[in-house]
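Novice: Let's have the full structure, built from the sequences with the hints guiding it.
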Amino acid sequence: MLPDGAEDRLLANARILADACKASGVQQWDLIGFQSYGHQLDIEAGKITMAAGGGEGGFGVRVVDDGRFGFAHLVDVSGAQRAVEQAVAIAKKSPSINGFVLPSEQPAEHVAGRLDRAVLDLSPEDLLEQADGILSEVKSLDERAVVTGGGVGVSATAGCLMNSEGILSTGMTTSHGLGLQVSLEVDGELTSSYQGQSSRSLLPEIPECVARAVHWAQVTQNPLRMESEANDTPVLMTSEGFSPLFSMVVPSAMTGEKMVRKESFWADKMGQQVLNSSLSVHDNGLLEGGMSSGSRDGEGVPRRRQNLI
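1 is the number of the first residue of the sequence shown in my numbering; add one for each residue after it.
Do not take every clue at face value.
Here are the simulated EDC-like cross-link-like pairs (lysine to aspartate or glutamate), alpha carbons at most 20 Å apart as the crow flies [unchecked claim]:
#: 1; residue 1: K47; residue 2: E125
#: 2; residue 1: K92; residue 2: D66
#: 3; residue 1: K22; residue 2: D132
#: 4; residue 1: K139; residue 2: D65
#: 5; residue 1: K47; residue 2: E105
#: 6; residue 1: K93; residue 2: D65
#: 7; residue 1: K47; residue 2: E205
#: 8; residue 1: K47; residue 2: E137
#: 9; residue 1: K269; residue 2: E288
#: 10; residue 1: K22; residue 2: E165
#: 11; residue 1: K139; residue 2: D66
Derived DEER-like restraints, expressed as beta-carbon distance ranges [said to hold, decoys possible]:
#: 12; residue 1: Q81; residue 2: R305; range: 35 to 45 Å
#: 13; residue 1: N98; residue 2: P251; range: 25 to 35 Å
#: 14; residue 1: Q272; residue 2: N231; range: 22 to 32 Å
#: 15; residue 1: P251; residue 2: D121; range: 53 to 63 Å
#: 16; residue 1: D187; residue 2: L279; range: 37 to 47 Å
#: 17; residue 1: A51; residue 2: G99; range: 43 to 53 Å
#: 18; residue 1: Q81; residue 2: S252; range: 34 to 44 Å
The set of hints was computed from the structure by calculation and includes no laboratory data.
Just so we're clear, the structure is a prediction, and the values are computed from it rather than from any experiment.
Cβ atoms here follow ideal geometry from the backbone N, Cα and C, with glycine treated the same way.
Specialist: Shown next as structure tokens:
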């Protein structure tokens with residue numbers, strides 16, 4: 001799926017852009033580049049409706065001079081000099097931030113599980129077979145069930161990060177994902193369930209989320225009819241609801257940007273107990289195989305495991 005030598009070509013192009021940054025005379029610069037390829041299938045009304053494939057890529061460059069910074073984006077490094085000139089022009093018009101500098105090189109840990117060669121070997125025909133198998137599995141679980149939306153996709157990405165302070169990081173990642181909406185109509189009553197699953201490694205031919213989607217479309221049929229006024233009551237969360245809440249919603253509300261702008265419920269809760277003492281939340285950027293894991297963040301700073309709560 002990813003052409004041979006993609007990572008080497010990306011790094012070679014990054015060096016061309018780095019040379020343009022050095023020639024500009026700015027104090028500091030950094031750049032991020034990527035090249036991604038993939039295949040995907042869309043499913044609607046119980047049928048495979050579209051198959052697509054292709055690639056995308058490019059570079060982002062940032063220059064820093066006297067606390068002022070500017071950005072530029074480019075796809076072809078033949079325009080490297082012009083892109084750097086644009087970034088410098090933007091920096092000159094930007095306000096100066098006292099003490100703003102780019103991070104220097106620090107040792108970073110290798111994170112395993114971000115690349116699976118088996119995903120690289122998947123062809124569009126393999127995806128078609130998987131999608132057909134998923135449609136058949138849904139029908140075998142409940143003949144009334146219809147996959148009304150969703151799809152299957154795979155991708156491979158080569159990336160690099162480089163700056164004037166000695167940071168250089170390159171690598172490749174893979175991704176295999178599936179999402180499906182299953183609908184059930186019984187006696188004029190329609191219920192639906194959406195489930196998804198993604199991984200850096202190859203998923204099973206029939207992932208667990210397929211059976212879950214059918215199950216939740218079934219169990220939400222014939223809901224209990226109740227008439228009552230609004231009142232406070234305990235809520236019991238299943239693992240399917242609990243996990244996304246504390247892996248996606250809560251951590252994003254704890255970012256420094258959200259806290260400073262008072263956009264988070266926790267903005268005024270620093271030092272206070274906000275969860276049951278038996279619970280804790282950690283941000284582990286070094287988790288093996290994690291979709292957001294990596295040796296460094298977008299600034300080039302080594303990732304680590306942080307205790308949020």
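Novice: Could you tell me which of the hints above the structure violates, numbers in ascending order?
Specialist: Hints 3, 4, 5, 9, 11, 15 are the ones this structure does not satisfy, whereas the remaining hints hold.
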